[in-house]
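These protein sequences, in sequence, are chains A and B. Count along the first sequence starting at 1, add 311, and that's the number in our numbering. Count along the second sequence starting at 1, add 5, and that's the number in our numbering.
If you're looking for bench data, these hints aren't it; they were derived computationally from the structure. Treat the hints with care, since some could be wrong.
Claimed, not checked - Simulated restraints, written as ranges between beta carbons of each label pair:
(1) A:His487 <-> B:Pro41: 15 to 21 angstroms
(2) A:Ser425 <-> B:Ala110: 36 to 42 angstroms
(3) B:Lys109 <-> A:Gly473: 20 to 26 angstroms
(4) A:Asn418 <-> B:Ser125: 38 to 44 angstroms
(5) B:Lys34 <-> A:Ser388: 29 to 35 angstroms
(6) A:Ser449 <-> B:Asn102: 51 to 57 angstroms
(7) B:Lys34 <-> A:Asn418: 46 to 52 angstroms
(8) A:Glu377 <-> B:Gly69: 39 to 45 angstroms
(9) B:Lys34 <-> A:Ser425: 30 to 36 angstroms
(10) A:Ser370 <-> B:Lys109: 49 to 55 angstroms
(11) A:Gly452 <-> B:Gly79: 50 to 56 angstroms
We put the CB at the ideal spot given by N, CA and C, even for glycine.
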Amino acid sequence: MKNKLIMRFLISVAGIVALAFSAVNASAVSSVTNKQSVVSPFWQSDGSVYSFIAVSHSSLAGMNSEIGVTLNAFDQSGTSFKSTSFTVGQNATTKVFLVSTNHSTINSLTVTASGSLLLAGTTNLASGHVTITPVATSPQGTTSQLKDVTTLTFWGSIVIPGTNTGFAMEFIGDTHDSIFAVTTGAGITTPAVGVN
Amino acid sequence: MNKTRIIVMTILLAFAVVFSAQNAMAVDKSRTALSPYFQSDTGSTYSFMGIAHPSLLSAASTVGLTVSTVGQAGVVGSTAFTIAAGETYRVFIVSTNHSTINSKAITGAKVLFLSLTTSSTSGSVLFTASKTEPATKSAAAGGVSDGFQGLNQLAIWGAVVIPGTSSGFAMEFIGDSHDSNAVNLVFDGGSGQISVPIASGRGID
Numbered sequence: 312m313k314n315k316l317i318m319r320f321l322i323s324v325a326g327i328v329a330l331a332f333s334a335v336n337a338s339a340v341s342s343v344t345n346k347q348s349v350v351s352p353f354w355q356s357d358g359s360v361y362s363f364i365a366v367s368h369s370s371l372a373g374m375n376s377e378i379g380v381t382l383n384a385f386d387q388s389g390t391s392f393k394s395t396s397f398t399v400g401q402n403a404t405t406k407v408f409l410v411s412t413n414h415s416t417i418n419s420l421t422v423t424a425s426g427s428l429l430l431a432g433t434t435n436l437a438s439g440h441v442t443i444t445p446v447a448t449s450p451q452g453t454t455s456q457l458k459d460v461t462t463l464t465f466w467g468s469i470v471i472p473g474t475n476t477g478f479a480m481e482f483i484g485d486t487h488d489s490i491f492a493v494t495t496g497a498g499i500t501t502p503a504v505g506v507n
Numbered sequence: 006m007n008k009t010r011i012i013v014m015t016i017l018l019a020f021a022v023v024f025s026a027q028n029a030m031a032v033d034k035s036r037t038a039l040s041p042y043f044q045s046d047t048g049s050t051y052s053f054m055g056i057a058h059p060s061l062l063s064a065a066s067t068v069g070l071t072v073s074t075v076g077q078a079g080v081v082g083s084t085a086f087t088i089a090a091g092e093t094y095r096v097f098i099v100s101t102n103h104s105t106i107n108s109k110a111i112t113g114a115k116v117l118f119l120s121l122t123t124s125s126t127s128g129s130v131l132f133t134a135s136k137t138e139p140a141t142k143s144a145a146a147g148g149v150s151d152g153f154q155g156l157n158q159l160a161i162w163g164a165v166v167i168p169g170t171s172s173g174f175a176m177e178f179i180g181d182s183h184d185s186n187a188v189n190l191v192f193d194g195g196s197g198q199i200s201v202p203i204a205s206g207r208g209i210d
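Here chain B stands alone, though its shape is the one from the complex:
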């Protein structure tokens, strides 16, 4: 009897561990923006992203976030920073020891590098808001104005750049201010009208 209980409890514990691990891997959509594809090749192709805080009236004066590159083997590099109203950060995803895109050639307080391996790497980019409940408006505190601190308050732009030909391909960003409208459809049965109040937005809808 005792043996059976121990076996059952062991199995239940194993399930609990497995499920908690799976939940830990899940991305919270409300905190997330993402780019489907980046690429970095040895000494040549790299990916560039500009992340701006355009100081929208709805936004808090600072927004914290983590940028992670997710390759075929999971997260391969990340950087966390806080962007203040009006600022623009430049983020380069580049192979280590790139001849022209490196920390000696490109300097500045708002320049960040996600230097990967010297081999070719590709995958997606994950942006995670530091604010755990971005749909809740933050109160003013410590010199930071009140407002939302979700990634839908930021504007992100980027390109996969081929330096040899000074050309490249536009990157796509999902969940920033561009396409993060949270729309509530409310049907009024009496008039037959549908109301569409525009809410504060919340990452990927």
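Here chain A stands alone, though its shape is the one from the complex:
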């Protein structure tokens, strides 16, 4: 009888632990694949300050003529502030604005050009990091035309409109700091890799 009670207690504890672990996994932020991703450590927006990101397809040899990009801006807690998916064509540049809703100068009435995207969120202070991942499921596959976001170039700034000043953003894993590896013996140059 005593053994049964102990067994039931242990089973109950195991069940609670299993539930706790499943809850942890359910709430976990999905991981990004290192070699296929680009990250920016910090962005910010509030009623005036906004963040601007330019994504360019420099048409380097080996790049596909169109590359699908998913850009996700997270807040400090890891919750998505806003995300968007878009395609960057050969020699084209897409402009992305992370901005508060109804910003006085950066809004849907003033930013109308094709290739410009507004990601408008809270008017309160918001900040966090940005991940850029490929739309293609095999961006660095065996084909010669890569749909790889790490072959794109990124530039950005946290802009303070009131003083026409700002701070350069950082992008990790794009063409700037990518590494080309050479496979031993085969003579194949593998594509750029993203975040190490």
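Starting from the known structure of chain A, fit chain B onto it as the hints suggest.
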């Protein structure tokens, strides 16, 4: 004879103490990221750092670290915290009683202050991973996923800010995910090729 032995042993002990002290001061490169320069002036210039865990596939779901400001007189302030996947911490290095950058004006669970003296201070910033062997992948335990817990799994950005003009200067970070590739060059004598496998990274190379 005994006196000589005592003197020799005393000298050896003194050397041992001196060398152990020097080793204690040495920074373990595998656990370290650093920023060469920060600045904080009375009531004006301050330094801001954003530290993000971008949830890389290679990373454990939490990474513990200590951030220390190192001035001309050594470590002058530090704070330790754990950053979880997807989170971003904001760290302000600022003079005490700053009029706009203080714990009353800027609040939040992921906001940290390294408040220094009221006088001007400058120096470098040292980031130390809590994990003593960051190149060894941690196993999943206690709700933390498996993965590496080195600082090369984090992304750090910052600026020395001049509030009076809303301008500033970008800070530099060495040893975070940006520039921490650990590359093993392997020369194959037969084919003449060099293989460059990208390893997990390990702080400052």
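Practice prompt. List in ascending order the numbers of the hints, as given earlier, that are violated by the structure.
Written response: 9
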